[in-house]
Structures are given as structure tokens and as C-alpha cells.
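Fit chain B to the supplied structure of chain A, relying on the hints for placement.
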Amino acid sequence: MKIATSILLLCALLFAACQAPTIQRAPEFNGDLVAAGHRKIAQAPAHDKNRWRLITAIHALNLGQHDEARTLLTTAMPSAGQILQSDARTRLAQSLFSPENVKGFHGESHERAMGWFYRGMFYWMDGEPDNARACFRTAQLMDALAAQPKHRADWVLLDYLDGYITTKLGRGGGDALTRAQANAGTTALPDYNSKANVMVFLQFGFGPMKKTGGDVGEKIVYDGGHSQARAARITVGGRTLIAPAFDNLTFQASTRGNRAMDAILAKKAGIKKTGDLVGDIGVTAGAILASEPKTEGAGVALLGAGLAGKIIGGSTEPRADTRTWTNLPQHLSFAALQLPTGTHTAVIEFLDANGIALPDRQKNVSVTVQTGRDTVLFVSD
Amino acid sequence: MKHITTLFIGIALWVAVGCTNINSQHGPSVTELRPGERGFVAGLGIESQDLVTISEKMARGILGAEPISNAEGKPVVVLEPINNDTRFPIDKDIFLTRIRVALSKNAAGKISFVAREHMDKLEKERDLKISGQVTGGEKITGNKFKGADFILTGTFKAISSRGASGASDYVLYTFQLIDPDTSDIVWEDFHEIKKQGKDDVTYR
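Chains as they are written, first to last, in my numbering: chain A, 1 to 381; chain B, 1 to 204.
Incorrect hints may have been included.
[What the hints assert, rightly or not] In silico lysine-lysine, PhoX-like type, Cα no more than 25 Å apart, as pairs: (1) B:LYS146 to B:LYS92; (2) B:LYS110 to B:LYS146; (3) B:LYS57 to A:LYS150; (4) B:LYS92 to B:LYS57; (5) A:LYS267 to B:LYS198; (6) B:LYS146 to B:LYS74; (7) B:LYS139 to B:LYS74; (8) A:LYS267 to A:LYS211; (9) A:LYS210 to A:LYS150; (10) B:LYS92 to B:LYS195; (11) B:LYS110 to B:LYS124; (12) A:LYS195 to B:LYS92; (13) B:LYS146 to A:LYS49; (14) A:LYS219 to B:LYS194; (15) B:LYS194 to B:LYS57.
Simulated from the structure, these hints should not be mistaken for laboratory data. Here the structure is a predicted model, which is why all the values come from computation and not from measurement.
So here's chain A without its partners, still in its complex pose (with noise of 0.2 Å):
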């Protein structure tokens, strides 16, 4: 009867052996983001391929390769409007033995209204800024399931673009501007200039984390983000203007409230955590019984059903997706500007919370502006 309780116990201790975390290996980098992004997607197992598209695209979009990144975008993610239906994959995420992050990467809402705001800035770059509008539209769409009225389809920005589009085809965007004071705030947002020729788009920091929360990680956590700068002065043509930062991506990502996917994870924390009260008790209470020869039959049902526990406890998987779009920024903002046809130096400083100019983070942009369309930049610290 020894040897079967050391069997048990044996196998209990195979069990924590399991669990022991894999080592990841530092990815190869060769000094090339876009080149080492290629790498990661194809490296990636096919459910994860959009979260390194996604990373890619912005890491092209900061080096300047636009085509590249608006053919990240529109790979990685689904149509507007498109259903994301059940698959295998999504069937696995549900189930009691597999943890969330193995279904196919589609990000938080504050992640996919980000996709979706790129989108709408490549669109108004090539010239049509009514799918520009559109974009943005569904992007502020990916919000409305807030838990808190207040939070939902809040995005100062998206709002404020969307009206400016409108004002700019020649009908009212009064409504959206309205809107998007309201969610702004204190922070006093430009009028609409419908002659202005110029967008510019900015973005400052670094953007919120995922984590794992609960006591067993069924619940997503959002590190803040963090950026120094809070604001942009841009002087161009003799001219200079503030552009505010419209929207905090920490604020949207964390009141984005539960999700029905949480709901799923918490039952099955709870199924991991009763294994695991029951493994604990029955392993503990069944070794000290089976000691005794006037209770080893006791003890040994209670070891047996305490490593069943155990077992159950173990496999059970409700790891929230913590899977998170790395290099999106803390702050979006936005300035339009109304320039003569030809080229222009646009000079960009970023601002801390105290108005001063940030040093070493200036940026020389230069400016063509073409007659009969708008010429969009994209500027990051």
C-alpha cells in the first residue's frame, strides 16, 4: 500500500513539474523593424500572425513605408462590418482545458478602433476621405460596448474627424465637433477650417500593456501607458499652432469593462480554484490518514480523489488573452493647417505637461501641397 502512495505522490510531483514555464528565445534583430516584423509573422503560429502584422505595419508607418503598412492593416484585420464567427479556434479559447489567447487575434475594442483610425488616415492620404469618415465611423463603433454609458464610443478624435470630413464635403459637421467637445472635456478643441489643406496626424508615448489580473489570471489588467509629451507645437509658414492630445488610449483600454469572454473565464477560475481547494485538502488530509493502518483505506480514496482534484485544477486553463498590440501610442492628437500650393518645413515639437519643449524630439517634416486634395502627415515622437 507504501508503494501506491508513493505512485501518488510521484505523480502529483510530475504534475507541478509540468507547469514549469517554456523559455522563449529573444527574437534575431538586425537593426530593420519591418524586416524582423516579416520575420515574426511568418514565425508565428497562424492565430497569432495578425497581432505581429498589426505591430509591423506601425513600426512601417513610423519609418515612413506607408504601403507598407496600410497592406499590414488591411491584412490583419476584417472587413468593417465583418462578423467574427465561431471557429475551432474560438471553441478552444471557451473550453475548460485551453486558455483565451489560442483563438485568432482580433485585439481589445481599444486595439481594433486603433486599426481602424490607421485605416482612415491611409484613406484620406489617397485622396478619399469619405472612406476616410467611414473608417473612423467604425472605429468609434468598436467602443460603443462600454460597460458604462459615459465610456462608450467616447473617442474625442474619432468624433472630431469625423465632423471635420463632413465640414470639408460641404455639409455640417456641427453635430460630431459637438460630440467630441463634450468627451474632450476641459481641453478646448480647434474649429473646423474647411479650407485647411493640411492634416496632421500625431501620436505621443507608449500605449497600455495587458496583464494578467485575478488569482488565477481569468481577468485582464491594463498597465498605464506612459508619455512625456502632452501636447505638439507645429510652426509652419510663419505660423504656429497647439495640437492637443485628443484621446488616452490607457483611458479607453481600461473603461472598456467586462467582456462576455469574462464571464467564461471566471467559471472556469472557478472550476481551477475548487480543483484545486479539493486537490490541496485530499492530498494533505488522505497522506496523513493513509499513515495510519486503521484509516489507510480512507486515506488513500482521499488521496486518489485529492490528486483528481489536483489533476482538474492543473489542466484547467482561465488565462485571460493578454496578447496585446505592443507600440500603439499613449496619446493621439491632430492639427489641420491651411498652406499654399508648393513645399513647405513643418517644425514639430513635443510638449510636456508643462508646455516646455521636450528636447530631442524635434522634427523637421517636410510638406507638399498639392492643389484640389489634402495632404495628410503622420508624425510620432
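Okay, now just chain B, sitting in the frame of chain A:
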């Protein structure tokens, strides 16, 4: 024995038919559908089946419109890009192109379209001819580019909502034929589609 054989053949046929359901996600990896058919990746947006239905309806409407059916000679129609006021980015030319080809196919020479979108290339070609760098310049006397008798354009508007119970999109497609001399809307028609759906629970 006869009954068993019949039953066996019946079941085999039923299984074979079931296996060839082209709309099944578990079927072949590539499936060719008619453009008017709704595929299994259908969503809430503007899709090929909407394009086919709407463009055919509008083409029929335009052909039956009084200014077209009673026009003397062949009226010249210019296509102007659609104003997209929805949340769906679209290829704005695709609807008008689809209507144009449907009209060209069914109008039997009643309507003439001009290729304004190629104006730069056309002007370049005309200038080459006039300058004698290529042949055909002798046939050009004055400006031969045609002006429009009518402008065909459209506007798409939408009401979109999203909540815990799913997402819904209503899109109103309107098309107008406008007389550019008077700004009169000489013909107008619309089509409306409402779709709703729900993402899988893991993405909500």
C-alpha cells in the same frame, strides 16, 4: 433485401449531397459562388450580393425613366463618384461601373457614356494627334469631347448601432440622374438593406 438496398443507396445519396453543400464552412477550401449569392463569410457591410441587386434595380429604373426612354438621340451620361456617408469604406466606382455595364448591355445603344475618369489620357492623346506626332489629327476639328446630358451619381447613408445583443447596420442607397443644365433631379431611386449579426462570444 430490396428495402435494405434501397435504404442503403438512399443514405449514400443523402450523405453525398450533404457533403457538397457549398455554403458549408467545413466544405472545400475554395468555393466559387455567383456574385449575387450570400457566402458564409457574409457580414454587415456592403457586399457583392448587394452590389448586384442594387445595380440591376437601378439600371432597370434608369432605362424606364421618362427622360431616357423618350430622349431624342442618345443621351450622354457622365458618372460622378458616389458620396459615401456610411461606416463602410467602399470602392466608390464599383456601383456606378456595375450600373453602367448593366445599362450598356440592356440599353441597346440608347445611352452613351463618356469616360471622364480617363480625361487626362484622352487629352494627351488628342494633343498628340493635333501636334502630328501620331496619325489621326486631321479628323479633329474643334473640341469633340462630349458634354453631359445627365449626371448619374448616388449617396449611401447608414444608421449603425452596436450593443451587447449584437450589431446592426441599415444602409440607404440612393441614386440620382441629374440634368446639369437645370440641376433638376430627373430620376431617383433607392434601395435599403438592414443587416444584423453578433460576433462570437470570445470577441465580444
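Are there hints from earlier that the structure breaks, and if so, what are their numbers? Checked against the structure, the hints that fail are numbers 3, 11, 13, 14, while the rest are satisfied.
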